[in-house]
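A.B. asks: Chains as they are written, first to last, in the numbering used here: chain A, -16 to 320; chain B, -16 to 320; chain C, -16 to 320; chain D, -16 to 320.
The hints are simulated quantities; they were obtained by calculation from the structure and are not laboratory data.
Careful, some of the hints might be misleading.
Which copy is meant is left open, so a pair is good if it fits within one copy or across any two.
Unchecked claim - Restricting the straight-line Cα-Cα distance to at most 27 Å, the calculated cross-link-like pairs of lysine-lysine (DSSO-like) are:
(1) Lys254 with Lys229
(2) Lys(-15) with Lys1
(3) Lys229 with Lys178
(4) Lys(-9) with Lys229
(5) Lys(-9) with Lys254
(6) Lys(-9) with Lys178
(7) Lys1 with Lys(-9)
For reference, the chains in residue letters:
There are 4 protein chains.
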Amino acid sequence: MKSYHINKGAGLAGLTLKEHDIPAPAPREVLLRVRACSLNARELLILRGYYPLPIRPDVVAVSDGAGEVVAVGEGVTRVRVGDRVAASIFPQWIDGPFGWEYSAQLGGSLDGMLTEYTVLSEEALVHIPDHLSFEEAAALPCAAVTAWNALTGGQPLQAGETVLTLGSGGVSLFALQFAKLFGARVIATTSSDEKAARLTSLGADDVINYRTRPDWHVAVRDLTGGRGVDHVVEVGGAGTLEQSIKATTASGEVSMVGWLANSDTSMIDIKVISATVLTLRRIAVGSRAQFIAMNRAITANQMRPVIDRVFSFDDARTAYSYYQDSQYFGKVIISHD
Amino acid sequence: MKSYHINKGAGLAGLTLKEHDIPAPAPREVLLRVRACSLNARELLILRGYYPLPIRPDVVAVSDGAGEVVAVGEGVTRVRVGDRVAASIFPQWIDGPFGWEYSAQLGGSLDGMLTEYTVLSEEALVHIPDHLSFEEAAALPCAAVTAWNALTGGQPLQAGETVLTLGSGGVSLFALQFAKLFGARVIATTSSDEKAARLTSLGADDVINYRTRPDWHVAVRDLTGGRGVDHVVEVGGAGTLEQSIKATTASGEVSMVGWLANSDTSMIDIKVISATVLTLRRIAVGSRAQFIAMNRAITANQMRPVIDRVFSFDDARTAYSYYQDSQYFGKVIISHD
Amino acid sequence: MKSYHINKGAGLAGLTLKEHDIPAPAPREVLLRVRACSLNARELLILRGYYPLPIRPDVVAVSDGAGEVVAVGEGVTRVRVGDRVAASIFPQWIDGPFGWEYSAQLGGSLDGMLTEYTVLSEEALVHIPDHLSFEEAAALPCAAVTAWNALTGGQPLQAGETVLTLGSGGVSLFALQFAKLFGARVIATTSSDEKAARLTSLGADDVINYRTRPDWHVAVRDLTGGRGVDHVVEVGGAGTLEQSIKATTASGEVSMVGWLANSDTSMIDIKVISATVLTLRRIAVGSRAQFIAMNRAITANQMRPVIDRVFSFDDARTAYSYYQDSQYFGKVIISHD
Amino acid sequence: MKSYHINKGAGLAGLTLKEHDIPAPAPREVLLRVRACSLNARELLILRGYYPLPIRPDVVAVSDGAGEVVAVGEGVTRVRVGDRVAASIFPQWIDGPFGWEYSAQLGGSLDGMLTEYTVLSEEALVHIPDHLSFEEAAALPCAAVTAWNALTGGQPLQAGETVLTLGSGGVSLFALQFAKLFGARVIATTSSDEKAARLTSLGADDVINYRTRPDWHVAVRDLTGGRGVDHVVEVGGAGTLEQSIKATTASGEVSMVGWLANSDTSMIDIKVISATVLTLRRIAVGSRAQFIAMNRAITANQMRPVIDRVFSFDDARTAYSYYQDSQYFGKVIISHD
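Go ahead and model the full structure; you've got the sequences and the hints to work with.
C.D. replies: Structure below.
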């Protein structure tokens, strides 16, 4: 079996393919044949050396993957051989609020999914929706669970509330899709008319081009009769946080997602926060229980992730390059088949 | 102006039409021209003498109504002349949990809506969705707000969860419609194939005929892979509560709605509850804030109440009779136009 | 090493002492030298055959115990040799709401603590407060965690709220002590003046003798100015549930605890519930996360469990008899030392 | 009757005493004889012109006051002549989350309490605890309700959790007292050993002198075994927010209180937030329901506010000067008696 290994800060050049024996599952562990992976911003941040959590030297790359159970260790009760599963990024975070004791993560301090086979503890695994291919399921662990946590983990999202999404990255597209499942209204920002059209076709009720409306929070206010939105899925950091706060209604919620890279300016005036009444939630993906709940929502509504492009396992390096350099719309997938 | 007045236990014969002067609004009060009303089980319980809360002698009948603001008293800021509004049944219950100090209610201890004009305090009023007629908006205050509270006031409803509704009364139909707005799966029970078809067309994912499946909770379990449902909107009391509890998943929620009339048997074995882990919420309609939030959901999703039949103000007595004797599906409305 | 084994319905006569080899911990498992156990109603229900969950034939008895880590398997990170720990009754219930998939329990489907040594998975264990002896810590897993869940797992307990506790069983005494830690007011019921004095010395603000006040819910109402209590820790089932509901304020919460044995009458009139607005929570002990949070509260406030009497490991049978037949006040402990 | 009037930005020189007729209560209004007031930072911010909410020209000063009902208008049901009451700062904010439609406030857009008599709507009033003098009760509306909201309005405070308070301003002292009522552990920061001793005598478990420990968040981490605190009542803005965030445990909560004046530097690096997982709640005092709940806690625990000094109504100007210039510890009160 083959795996791709990385080192923090080693760049794409450091992505190394190695040959191994197929491992055997210990008690309560599961051997998974990985069938597809997806890329997230974290993979690039790790290669650039900006990722804030520990990365084990020579760790198997990539947090997100889905596959098939091919063997189970003694005492495994949650999955059976043949089950189609994905892995939760923080395998020890079962339910309830995040704690640092749960911060071991796939493709970080633990081996990741850019491999043909991997062994995981059974509680790391969740069953994937029947109607999704492995490629589609591989899109879920990081971006979709983060979007789900942003919308449901704090103030619960209700039908009729308004959600603001920023741009068309993975988390934002899932947030848009989930918000529509909940009967919410979605206002999305974007940089081009072409993307605006795609956001609209995904269900966005209103799209604001932030190039032509650099003061887009005013446009959001106008679209909500001055009230502001109930939830922001804030992925932009310093470039957008101030406007996101100003776009939020009293007692609304801004969920902060993602890691800031080496941006030169990442300051915000505290007075922007003090002038409002709201909640800022800094979140980190989500728990196994949230992943399972999300999959129920995806299944019940036969929702499908947006896939931009699929690369083969042999072309993993090309996939990274494409993800790094391109204007993708939807998830970039590596299929092992 | 004319109003219909009632007395507790006086039966339909006691429904009396009287002539009055049009009242004037005091400070912070509003004069409303009522345009439509709707009937709920409470109206019949009052006439039969079974309603548990105090009924003022000779009170103006009916809790549910919608109309148009025709005059405002000094200091009114929330509505203007010409606004289309409905009244909250518990006008003093603004937000937060219910308290007995908020239990004054329209068509009970306070004059109700089966009148051409009425004066209400401004905080009793909520704006109605633009896309609804007065007849449709008059369907909301009791049944829809109760369904909304049942689904959102306790454990928040999430996409992908399963909701069980019982029959096709007002609360159950709204619960079905709201659950679908939230992306939930709905299992509905009913007594006939014809009603089953109508429930399906409203969005029910599965319908169980409880006449052919008297052990319908087993059918619910089967439909959920043995897991049970997350929420039950329990309107049936002694006839259904035990099966509703048995149909519910661990840590699920049964919201108990409505008043039991003089049923002979209303006992339940506590062991049925002790054998589970769940929450029973006994609720009472909902707050003004919940009414407003619900209206946002109705507006954002352009949802419409199901109307069974509309009677004229002059035919109010006929409307009562029809509501009492018929197999309606949807709300029975009295239009003042 | 020696262990006591039981069989469902076999009575106290079936409690059998056996000799075994000391087991070795597998990966992620821990070998515990048990130092003390405590008895709960469940132990008697199992022997009588009334316990509703599965009991493995010849299982090691008793859910509650505390001890010392004497060896750890590969990969164990949460505890070290020498740590003082207790075991969570539902070892797989880590955090979040209860699910049936977590219902494997110590002294039930899993071996229990009435043994000199046992092997447990590391996530079953929680560190015990430094100021508690093993005997005191062994009092916590079932009764204290249940009381903690009752008071904090639903509507969060706040200073100034009123809590009603019933009698002087294990859960009720812990509920009284925890409620006082939170700055709540406590009304307790009891059957004798002598117990009343002990409840008062534990902090109860008011004690009602239910023998002299069989309509004790009226007394509770009177003591709260007619308002009723915010939380009831309901342990009495059919004998008390109706009065507990009537003693509760609007939007208050009744947490139902414990299993009903073969009482002849366990019926309640649904109209009692329908006449109120409140939440009934049927609960089952609590999660590992709740156990840890509770231990923080016990530590911060240097709280100590009430111990009635301590028996030796060799006298376990006598401890069972005493627990079954006596009017204990506080926990009955079996010390292995 | 006499009242003190202010204008935004007019400074203390603008505080003007005027003579009026005693007003009469309209329907649902109450005439209050104010017996005591207290000062808060908002009063100084208004005089300096930095207060962010609208201030009505020539408004009666001061948000906080307590007094005696001397007359009631028609239809008033919640209070009676002779009742001892305080006023809620946002009289229209009854319960539930804050909304801008509730932002009319006493001593701001509405007349305040630095007057001998005032007329208020009945829902603005809450009964004060029996054991408190008017001077003590006048200390509550702004600072105490804010502290209560900070600790209970977001993630509910539990016994055993750790609360961090900053300095010895009004909100911080109440937060310390409330946290101790709840059985929490309190770590307080301060600038002098003398204040440290007073904080300790109020119940603080640990006090850190931030002059000798400018990196006090490290000291907080050390005192919590590296874990960090569960709640911060953050009153310091730019001077402290970064350290407050760094002192907080995963999934903990920082409640931001107060308005920043014209500080030159009020920037924070977003990376400080991104490096954590937590919730920042920007809050604004609290609702009437929170005021009532807080009063229950104060009553049940016979808690008393810390009073620094009491001035007479005639010396109101001196009270302002003292409040502005001095190192008070506890509330500065103006007594009308």
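A.B. asks: Within a copy, between copies, both or neither: where do lysine -9 and lysine 229 come within 27 Å Cα-Cα?
C.D. replies: between (36 Å within a copy, 25 Å between copies)
A.B. asks: Between the shortest in-copy and the shortest cross-copy C-alpha distance, which are at most 27 Å for lysine -15 and lysine 1: within, between, both, or neither?
C.D. replies: within (5 Å within a copy, 51 Å between copies)
A.B. asks: Regarding lysine -9 and lysine 254, is the shortest C-alpha distance of 27 Å or less found within a copy, between copies, in both, or in neither?
C.D. replies: between (37 Å within a copy, 19 Å between copies)
A.B. asks: When no copy is named, should lysine 229 and lysine 178 be tagged within, between, both, or neither for a Cα gap of at most 27 Å?
C.D. replies: Close inside one copy (24 Å), not across copies (39 Å); limit 27 Å.
A.B. asks: Are the CA atoms of lysine -9 and lysine 178 at most 27 Å apart within a copy, between copies, both, or neither?
C.D. replies: neither (33 Å within a copy, 48 Å between copies)
A.B. asks: Are the CA atoms of lysine 1 and lysine -9 at most 27 Å apart within a copy, between copies, both, or neither?
C.D. replies: within (17 Å within a copy, 55 Å between copies)
A.B. asks: Check lysine 254 against lysine 229 for me: Cα-Cα at most 27 Å, and say if that holds within a copy, between copies, both or neither.
C.D. replies: Intra 11 Å, inter 20 Å, cutoff 27 Å: intra and inter.
Checked against the numbered hints above, the structure breaks only hint 6 and satisfies the rest.
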